[in-house]
Amino acid sequence: MSDPITQFKLNRVDTRLGPLALVTMDNGEDYTKPTLLSRSAMESLAGVLPELESGDWIAMVLTGKPFVFAAGADMKEFPKIRTREEASFGSRAGHELFARLAVLPYPTVAAINGACLGGGAEIALHCSARTISTAVRHFACPEVFLGIFPAWGGTQLVPRLVGVENAIKFVVTNPLKQNRMLDGAKAFELGFADRLLEPVEFVDESIVFALELADGLRIERGVPEADVERALRKGRSQVDDAVHGAAPAPYVALDLIELACSGASIEDGYRAEEEAIADLMLSRQARASLYAFDLVERRTKRGVGIPDVKPRTIEKVGIVGAGLMATQLATLFLKRLGVPLVIRDLDQETVDRAVDTIREELEGRWCPVEGTTSIDDFAGCDIVIEAVFENLKVKKQVFAELERVVDAECILATNTSSLSITEMAADLEHPERVVGMHFFNPVAILPLVELVRAEETDDVTLATAWDVTKKLRKRGVLVRDAPAFVVNRVLTRLTTVLMDALEHGNTVEETDDAVLRLGFPMAPSMLLAMVGPRVANHVLVTLHEAYPDRFPLSQTLANYANGDDTIVVVEQLPRSVEQITNDVLEAVADEIGQLLDEGVVAEAADVDTTLILGAGWPFFLGGITHYLDSEGISERALGSPLAERRAAAAHA
Amino acid sequence: MDREVVFVDGVRTAFGRAGEKGIFWRTRADDMGVKVVRELLRRNAQLEPERIGDVIFAATAQVGDQGLTLGRDVGLLAGIPQSVPGFAIDRMCAGALTAVTAGAGEIAMGACDVVVAGGIEHMGHHPMGADVDFNPRFVAERLVDTSAVTMGATAENLHDKFPHIDKDAADRFAVASQQKAAAAWQNGVMKETVVPMAAFTDDGWKVADRDEFLRPETTLEGLAALRAPFRPGGRVTAGNSAGLTDGATAALLTSAEAADQLDLTPKLRLVGYAYAGVEPELMGIGPIPATQRVLERAGLTIDDVDLFELNEPFAVQVLTWCDGLGVSPDDERLNPYGGAIACGHPLAATGVRLVAQLAYGLRKRKGRYGLTALCIGMGMGAAVLWENVQ
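Protein chains in written order, with this note's numbering: chain F, 892 to 1543; chain S, 23 to 412.
If you are wondering where the hints come from, they were derived from the structure by calculation, not from laboratory data.
A quick note: this is a predicted structure, and the numbers were derived from the prediction, not measured.
There may be inaccurate statements among the hints.
[What the hints assert, rightly or not] Taking lysine-lysine and the DSSO-like style, the derived pairs with C-alpha atoms no more than 30 angstroms apart in a straight line are:
1. F/K1068 <-> F/K1284
2. F/K1362 <-> F/K1201
3. S/K202 <-> F/K900
4. F/K900 <-> S/K189
5. S/K213 <-> F/K1077
6. F/K900 <-> S/K386
7. F/K924 <-> S/K213
[Unchecked claim] Here are some chain F residues the structure puts well away from chain S; computed CB gaps all over 12 angstroms:
8. L901
9. V904
10. D905
11. V914
12. T915
13. D917
14. G919
15. D965
16. E1089
17. E1092
18. F1093
[Claimed, not checked] Just some of the chain S residues that point at chain F, by a computed CB distance under 10 angstroms:
19. R65
20. G210
21. E214
22. V217
23. W227
Ideal placement from N, C-alpha and C gives every residue a C-beta, glycine not left out.
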């Protein structure tokens, strides 16, 4: 199906002052397909501009279809850009058209009625004034998040309108904070809009505002004073903390903001954007970001490999265990599903503590939770998730006990991070109802759920797990039952390289640096502390049992797991940081190659998705296989790019 | 009446052509109601919304975007405080008038001081008779003639019953209605009673600020050529009847004391009202007994009335009323701003349009008494008598 075409639809409104141009950006679809400023949209704008330039208009109001103003450029067009000329042409075309809007000889009001992103914000900034609805929840320039920057005048106009500090936040640092966006009230408060209006009569009231302007109303806008140099210095240091120099886009955006604040003309600013975007658009990071965005926004929503059968209805949920993970899971289920939930542990005190925490998290909302120590209370559950101690025997026993209590159709899910689910289900009467739902800590933040299909798992069980994952507003990726699945397997392989370096005389600072310079947001030593060395070592042991050659046990990690931070140096043979980085990448490439050969996931793309969503790996690396391939590392380590292995696996 | 009831203000949306080509096709019916309520409150900003005692909205089809007990739905969506109740009401074409008289009743009883009363009909979303399940007894027991359920057929019946009212008379009345409406859009009545509303359409946002049915260029010759859809060789055509319409109206009613206390300026005093029942297959004559009854109770005659705002679903229907009451069809007291033939007739919404235009007309003419009347499907008539207090 071809994508909807955005049109600029011009209508004439006769007012007491004369004709007003009411322009709607619309792609003819409902809000689920946001209006994009695609190439065809720009052609449509070029088509209405002569009418706007020649009529006897007294004002223009530019708005969007219900719930959407405009969601920016069409990113599906970006990969088609092959040359610098093409990249800067796209930017220049926008500049030329938007500049014509900006010089229309009458008041122009962007009436921001809904989602307003990237190019949408930039076209609004080229109008002489803006209204914004209190219902707007997404007002942002997310480009930097995607490895580029707002190149239709955004870097030049935002600082002029709201000052350098707000501009840095809006264009650079918000996108780096998991793509943080502004709502209507906040955008108004920061000076992006001149009027904050209720949604109920938004277009009517925006027209009234345009008429006031046509009638001579002048808007006073106070751009906040700031020490530009200091603000930029602070911005650069924030960017350093976030990407450690590994992604060029935020630095380029800061340079352009600096240019805007230097007294350069808007035309010079436009030219600088056109030059800079030509460099960035073709950069590895931008390509990787687009690839990653497509994975996360499109591929994971499709549910690749999920059987197309009707999922079961979930009206009662059970959680076995009341520890940290179990408590987080219970909170999530209650928040999102709002159905009765039973949480059980062996001693009443643990259960009570968990229930208290859950109630606190629910903040007075509907919270039908029941804490218990009796397995019998799981009767009537439609799904029970176990999050007990990582021990196969214990888990098998839990499932066996559950099977005596629950109906034959009740789904038994495990949150195990490494154990064999097939084995866990083996002795059950109904092994087909067992599925892995591997959440990541912290559950509230990391969106990934590895949905693990064991040998006996049937279609309806898997479809229900997928459906529940969606309702929990998490992203599910289907994986086959294999030791530690995907994220933990790759991370653990990475950890073995770091442990090996430590045990050969490198320092923690060096091993951290080796990974941070790839652009990771968190040092591996901090990540290890967060996940918990005990869990990490347990996963290593499991993987060691399965693949002893690639996953040697580490005395150092075992020490960590026991609360002892002694590094056991086996030999003084420290490597350079570059060497460690290289070893890490080659090991990871090798492990992913193994994963694909085993068919743990369908495609390399799934590995990337899991690492982005489950380990917070940055977009600008494009997950990891994209990076390994484009840097030639997989070729070096495996003899062929992972993308080709993906093809080989698909044929197998 | 112990407590006098006054009409303070009334507004409507422009009326749109029902169906996919109409300007309101993609606008929700309840949102149209919200628009007129908010405009009413904006114009009468002295009134604190929490003083409203009830929000009454009429709709003939009370499902979909006209469901959910419309008065409550519209009140909440318009931003009226949650403490203000609301309800929905139905008497088909007299819906808004019935909302007005029901609200007047609440005020007269002392149950509340201020009422918002109006009507909404999105005939594009709710075609007439859709989802209606007629009781088979009507036909089996011949309780009504089968033609009673098709409004156009009842209009043909009127021509049969009053043969001296022919198609030519109906067409002449229709042309006059179009001309009067065209003139009215040039003077202040529409500015005072119509609120422009932005509406999202397939062609982008537009502003509905003019009735879509207006055809000032209408001629007798043009009308003569139209075919009669309800009966081969019949007399009722699209040209001499009101089209299927989307629209919403709302009025502000208060007790006389409350208006004074809240510093609102009343336009009309409610003198009295009457509803009457007639043969369903001749529903168009309904306003005749209703008018007679309300005049009789008020101790007035038709000559005491300075202005008539009558609905015009069909030209023949107005002409039978003229015939029955002894008023000439070209009497300048009758529908001076044209009528539904020119502006459209969104069933349950029309009543308040009549009252708002009546208030304007009485003020301009310095008249005293005015009458609003409509016929109602299934054989009824409504008549409400007002006194100018401007």
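Structure-based check of each hint:
no., hint, in the structure
1, F/K1068 <-> F/K1284, "violated, 42 angstroms"
2, F/K1362 <-> F/K1201, "holds, 15 angstroms"
3, S/K202 <-> F/K900, "violated, 34 angstroms"
4, F/K900 <-> S/K189, "violated, 43 angstroms"
5, S/K213 <-> F/K1077, "violated, 37 angstroms"
6, F/K900 <-> S/K386, "violated, 41 angstroms"
7, F/K924 <-> S/K213, "violated, 38 angstroms"
8, L901, "violated, 7 angstroms"
9, V904, "violated, 4 angstroms"
10, D905, "violated, 7 angstroms"
11, V914, "violated, 7 angstroms"
12, T915, "violated, 3 angstroms"
13, D917, "violated, 5 angstroms"
14, G919, "violated, 7 angstroms"
15, D965, "holds, 20 angstroms"
16, E1089, "violated, 8 angstroms"
17, E1092, "violated, 6 angstroms"
18, F1093, "violated, 8 angstroms"
19, R65, "violated, 14 angstroms"
20, G210, "violated, 13 angstroms"
21, E214, "violated, 14 angstroms"
22, V217, "holds, 9 angstroms"
23, W227, "holds, 5 angstroms"
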